[in-house]
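So the sequence shown is numbered by full-length UniProt numbering: it starts at 1 and just counts up by one.
Keep in mind that the hints were calculated from the coordinates and are not lab data. Any given hint might turn out to be false.
Claimed, not checked - Derived DEER-like restraints, expressed as beta-carbon distance ranges: (1) Cys296 to Ser269: 49 to 57 Å; (2) Pro289 to Glu237: 22 to 30 Å; (3) Tyr341 to Val299: 25 to 33 Å; (4) Glu354 to Tyr220: 54 to 62 Å.
Said to hold, decoys possible - Below, a list of computed lysine-lysine pairs in the DSSO-like style, where the Cα atoms sit at most 30 Å apart: (5) Lys278 to Lys157; (6) Lys157 to Lys170; (7) Lys332 to Lys292; (8) Lys387 to Lys295; (9) Lys356 to Lys295; (10) Lys214 to Lys177; (11) Lys366 to Lys332; (12) Lys356 to Lys369; (13) Lys214 to Lys332; (14) Lys412 to Lys295; (15) Lys380 to Lys412; (16) Lys295 to Lys208; (17) Lys214 to Lys170; (18) Lys273 to Lys172; (19) Lys177 to Lys217; (20) Lys170 to Lys236; (21) Lys236 to Lys177; (22) Lys236 to Lys217; (23) Lys356 to Lys366; (24) Lys157 to Lys295; (25) Lys278 to Lys356; (26) Lys236 to Lys295.
From the three backbone atoms N, C-alpha and C, an ideal C-beta is built for every residue, glycine too.
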Amino acid sequence: MLPRNPIARDTAELPSSSSPSSSAKTRPSSRKHKPSKENDPPSNHNIIVPYSPSHVKSKSPLPPRPPSSNPLKRKLALDTIAAENSLPATTDSGVKVIVRMRPLRKDKDLVRMRPLRKDKDKDLGWRSSIQNGLHGSCAVSCAAVGDSRASDFGLVKVDSRGRIIQFSEKPKGADLKAMQVDTSLFGLSPQDAIASPFIASMGVYVFKTDVLLKLLKWRYPTSNDFGSEIIPASVKEYNVQAFFFGDYWEDIGTIRSFYDANMALTEESPMFKFYDPKTPIFTSPRFLPPTKIDKCRIVDAIISHGCFLRECSVQHSIVGERSRLDYGVELKDTIMMGADYYQTESEIASELAEGKVPIGIGRNNKTRKCIIDKNARIGKDVIIMNKDGVQEADRPRDGFYIRSGITIVMEKATIEDGTII
1 MLPRNPIARD TAELPSSSSP SSSAKTRPSS RKHKPSKEND PPSNHNIIVP
51 YSPSHVKSKS PLPPRPPSSN PLKRKLALDT IAAENSLPAT TDSGVKVIVR
101 MRPLRKDKDL VRMRPLRKDK DKDLGWRSSI QNGLHGSCAV SCAAVGDSRA
151 SDFGLVKVDS RGRIIQFSEK PKGADLKAMQ VDTSLFGLSP QDAIASPFIA
201 SMGVYVFKTD VLLKLLKWRY PTSNDFGSEI IPASVKEYNV QAFFFGDYWE
251 DIGTIRSFYD ANMALTEESP MFKFYDPKTP IFTSPRFLPP TKIDKCRIVD
301 AIISHGCFLR ECSVQHSIVG ERSRLDYGVE LKDTIMMGAD YYQTESEIAS
351 ELAEGKVPIG IGRNNKTRKC IIDKNARIGK DVIIMNKDGV QEADRPRDGF
401 YIRSGITIVM EKATIEDGTI I
């Protein structure tokens, strides 16, 4: 209930100065900052050399989006006891509310409640999951994962009937090894079972309503997290069933995983298909015109509505709505989030005449392995390639961060003409 909006923003490991994890925190400044003298090269280019401070905490530079509306509000009255943006984890959203309901009648005891994690990209058949998963008091959706990712999840062990007998939240070392199981019992091939020997909780829980109310209001009223507190305690007292999910699922709670999941969509045959006629994916209507493309080279890319592309190259990239790519732009391995509004041709010309940078990407820009957040202004002759291979850097005054080798241009940031990152 009331999950925080992810899109790799809430749980991504980027600087706290722009993290939405606390309602008291503010977004990074989007004002233009002149580069310091120590960064000025002898030439006319502003060359920015990222550095990697070791003391910086990892939070998201991507700003928060408005929280999704809660479909349960029509049926439940909710008393929020803490700001949603200050929750310590995405799995604890349901713990931070007290649910007030009239006593359930006998014919209403099949009401189900699903706290969902919004930092997961998944293709789930909810009817099937509820029918198959709720043999007990609660069902936990699970997926098989490999060694490299296992410690990022809550891991479970189950008995022959599918009941969860052990739950360990993000175990490390010996505790991680102890959670290894034979996943071939869930239908995986011997090769896949060897590659994915752990069963991870997907962070999606289906409760019987009376059980959830007992847990949150009376049994564990001071608990703050489903994954580390509520579910492990429930395993000991209730019949918590594992629902094994074998289709597409990715955790997009970090910048790296968010980037990789999006880039995978540009492949010729992506694992996740937006265009399946049996299960089409719809988004909010923006009522935008088709994208205008003039003499461009586009390879393995996704282009949203309302964009203007002029004699540019887009390869293995995603271009968001209302994006503007000017002459000579080379975009590769990049996610461009787009813009919230248009600038007219006269406004663009006026800003260029005044030496300002309009929204979008200016002429002769070369960008590689980058996430460009909304309403960013990138000038002409800019190079964003991270040639030095810096893995972590914090340059909010210059409008960008680097996480896991991926450059992130901040929302509303201005990258001046001739900048080299």
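Verification of the hints:
no., hint, in the structure
1, Cys296 to Ser269: 49 to 57 Å, "violated, 24 Å"
2, Pro289 to Glu237: 22 to 30 Å, "violated, 57 Å"
3, Tyr341 to Val299: 25 to 33 Å, "holds, 29 Å"
4, Glu354 to Tyr220: 54 to 62 Å, "holds, 59 Å"
5, Lys278 to Lys157, "violated, 34 Å"
6, Lys157 to Lys170, "holds, 13 Å"
7, Lys332 to Lys292, "holds, 19 Å"
8, Lys387 to Lys295, "holds, 29 Å"
9, Lys356 to Lys295, "holds, 26 Å"
10, Lys214 to Lys177, "violated, 33 Å"
11, Lys366 to Lys332, "holds, 8 Å"
12, Lys356 to Lys369, "holds, 25 Å"
13, Lys214 to Lys332, "violated, 52 Å"
14, Lys412 to Lys295, "holds, 28 Å"
15, Lys380 to Lys412, "holds, 16 Å"
16, Lys295 to Lys208, "violated, 57 Å"
17, Lys214 to Lys170, "holds, 26 Å"
18, Lys273 to Lys172, "violated, 34 Å"
19, Lys177 to Lys217, "violated, 35 Å"
20, Lys170 to Lys236, "holds, 18 Å"
21, Lys236 to Lys177, "holds, 21 Å"
22, Lys236 to Lys217, "holds, 18 Å"
23, Lys356 to Lys366, "holds, 19 Å"
24, Lys157 to Lys295, "violated, 56 Å"
25, Lys278 to Lys356, "violated, 48 Å"
26, Lys236 to Lys295, "violated, 64 Å"
Hint compliance for this structure: hints 1, 2, 5, 10, 13, 16, 18, 19, 24, 25, 26 are not met, and every other hint is.
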